[in-house]
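Using this note's numbering, read the sequence shown as starting at 32 and increasing by one per residue.
It cannot be assumed that every hint is accurate.
The list that follows gives simulated cross-link-like pairs (lysine-lysine, BS3-like), each with its CA atoms no further than 25 angstroms apart [what the hints assert, rightly or not]: (1) K37 x K238; (2) K83 x K147; (3) K351 x K118; (4) K37 x K171; (5) K87 x K37; (6) K171 x K94; (7) K276 x K147; (8) K148 x K107; (9) K238 x K171; (10) K107 x K35; (11) K35 x K148; (12) K366 x K148; (13) K148 x K37; (14) K200 x K238; (15) K94 x K107; (16) K144 x K366; (17) K144 x K37; (18) K351 x K366; (19) K351 x K145; (20) K118 x K145; (21) K302 x K276; (22) K79 x K118; (23) K144 x K107; (24) K171 x K35; (25) K148 x K118.
Listed next, with one range per pair, are the computed distances between beta-carbon atoms [unchecked claim]: (26) P353 x K311: 17 to 23 angstroms; (27) A373 x N289: 26 to 32 angstroms; (28) A71 x G260: 19 to 25 angstroms; (29) G175 x N34: 30 to 36 angstroms; (30) G333 x V281: 28 to 34 angstroms; (31) N34 x E359: 28 to 34 angstroms.
In short, the hints are calculated from the structure, not lab data.
Just so you know, even glycine gets a beta-carbon here, dropped at the ideal spot from N, CA and C.
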Amino acid sequence: MKNKVKVGIIGLGAIGAVHADAYRAAPDAEIAAICDIAEARLAALGGKYDVKRRFKDYRDLLKSDLDAVSICVGNKLHRSVALAALKAGKHILLEKPMALNAGEAADIAAAGKKAKKIIQIGMVWRQAETTRVVRDYVQKGFFGNIYHLRAVLIRRRGIPGLGGWFTTKAASGGGPLIDLGVHLFDAAMYVSGLWQPTRVSAMNYAKFGKDLRNYRYVSMWAGPPNYNGVCDVEDYSAGLVRFGKKASLVFEIAWAANTEDVQFIDILGDKGGARIFDGKPLTIFTEHNDLVANVSPLINEGANTFHRQADIFIKACQGKCPPAATAEQGVTLMKLIDAVYASSQGGREVAV
Numbered sequence: 032m033k034n035k036v037k038v039g040i041i042g043l044g045a046i047g048a049v050h051a052d053a054y055r056a057a058p059d060a061e062i063a064a065i066c067d068i069a070e071a072r073l074a075a076l077g078g079k080y081d082v083k084r085r086f087k088d089y090r091d092l093l094k095s096d097l098d099a100v101s102i103c104v105g106n107k108l109h110r111s112v113a114l115a116a117l118k119a120g121k122h123i124l125l126e127k128p129m130a131l132n133a134g135e136a137a138d139i140a141a142a143g144k145k146a147k148k149i150i151q152i153g154m155v156w157r158q159a160e161t162t163r164v165v166r167d168y169v170q171k172g173f174f175g176n177i178y179h180l181r182a183v184l185i186r187r188r189g190i191p192g193l194g195g196w197f198t199t200k201a202a203s204g205g206g207p208l209i210d211l212g213v214h215l216f217d218a219a220m221y222v223s224g225l226w227q228p229t230r231v232s233a234m235n236y237a238k239f240g241k242d243l244r245n246y247r248y249v250s251m252w253a254g255p256p257n258y259n260g261v262c263d264v265e266d267y268s269a270g271l272v273r274f275g276k277k278a279s280l281v282f283e284i285a286w287a288a289n290t291e292d293v294q295f296i297d298i299l300g301d302k303g304g305a306r307i308f309d310g311k312p313l314t315i316f317t318e319h320n321d322l323v324a325n326v327s328p329l330i331n332e333g334a335n336t337f338h339r340q341a342d343i344f345i346k347a348c349q350g351k352c353p354p355a356a357t358a359e360q361g362v363t364l365m366k367l368i369d370a371v372y373a374s375s376q377g378g379r380e381v382a383v
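The whole structure should be built from the sequences, with the hints applied where relevant.
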């Protein structure tokens, strides 16, 4: 136990429990403290992982002799908890989205630099083996010049916790764009290497959740609905992102729509391309021996992405590697999200 990184987990909801499981699997990590306002969660997770130090206030947890913390609270608390953790001298693994907006994200990044502490953003899609393989193809030039990306994630009926914090803009920052779009945008830019979005033209729609009592669904993540609550966020977002004159990205992201569920990211280059995150075996669309050809790499897609994320974070805390997703990249991502909202609100193309 002596050489292990002592980690605290702030927020023990669904994602906090996932982080706890991941740290338990990391050989160099020790779950040394946990925090949640709910006694039942503290008791359940503390008992499961034999964690003695349990706190209801994260500020008390941050006084402990911890090396690092996972921040798994609601979006509106990301900035305040992250700044407090960095000030207390802790490395942080900060769940997505980085913050409510780019301004808050920039504050966190600046605080990390000042404190000289690791900030890793929870962009777990990067840890998929398919992501690694396709990124490697891109970096080695097998895809040629990447000129276009397509990012789509549509749920037929997938509004989470209707009437709760997910659908309250002041608490979440927005709807599926900030909830799911961060994963799509980050993965697309990470794989392609396109990290300089310049302009956005987008439209957001709120067609389903705004009428809380008449929203029809089969099941609800983070449910049940609170009909006395608020839904003032979009449920569908679509648009075009320009990367100067070099490349483009089109996207559709929805919590609810009258169409079938679909999810994928397309990476299109002039020598090859691929579709990822569609639930199918990876196929590289290319040419071989003067013929149009499909290449099907045999890869192991069974690895737990959250376990990989936690392992990289622990190694980064030990100085053995850089964080898996940096604060600077997180700020870029939030600037893009902000630009999509601004474009839709203003009805025009805007600069990122």
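Against the structure, the hints come out as follows:
no.	hint	verdict
1	K37 x K238	46 angstroms, violated
2	K83 x K147	29 angstroms, violated
3	K351 x K118	23 angstroms, holds
4	K37 x K171	38 angstroms, violated
5	K87 x K37	19 angstroms, holds
6	K171 x K94	46 angstroms, violated
7	K276 x K147	36 angstroms, violated
8	K148 x K107	22 angstroms, holds
9	K238 x K171	44 angstroms, violated
10	K107 x K35	31 angstroms, violated
11	K35 x K148	17 angstroms, holds
12	K366 x K148	23 angstroms, holds
13	K148 x K37	15 angstroms, holds
14	K200 x K238	16 angstroms, holds
15	K94 x K107	22 angstroms, holds
16	K144 x K366	19 angstroms, holds
17	K144 x K37	21 angstroms, holds
18	K351 x K366	30 angstroms, violated
19	K351 x K145	21 angstroms, holds
20	K118 x K145	9 angstroms, holds
21	K302 x K276	19 angstroms, holds
22	K79 x K118	30 angstroms, violated
23	K144 x K107	22 angstroms, holds
24	K171 x K35	36 angstroms, violated
25	K148 x K118	10 angstroms, holds
26	P353 x K311: 17 to 23 angstroms	31 angstroms, violated
27	A373 x N289: 26 to 32 angstroms	27 angstroms, holds
28	A71 x G260: 19 to 25 angstroms	22 angstroms, holds
29	G175 x N34: 30 to 36 angstroms	46 angstroms, violated
30	G333 x V281: 28 to 34 angstroms	31 angstroms, holds
31	N34 x E359: 28 to 34 angstroms	30 angstroms, holds
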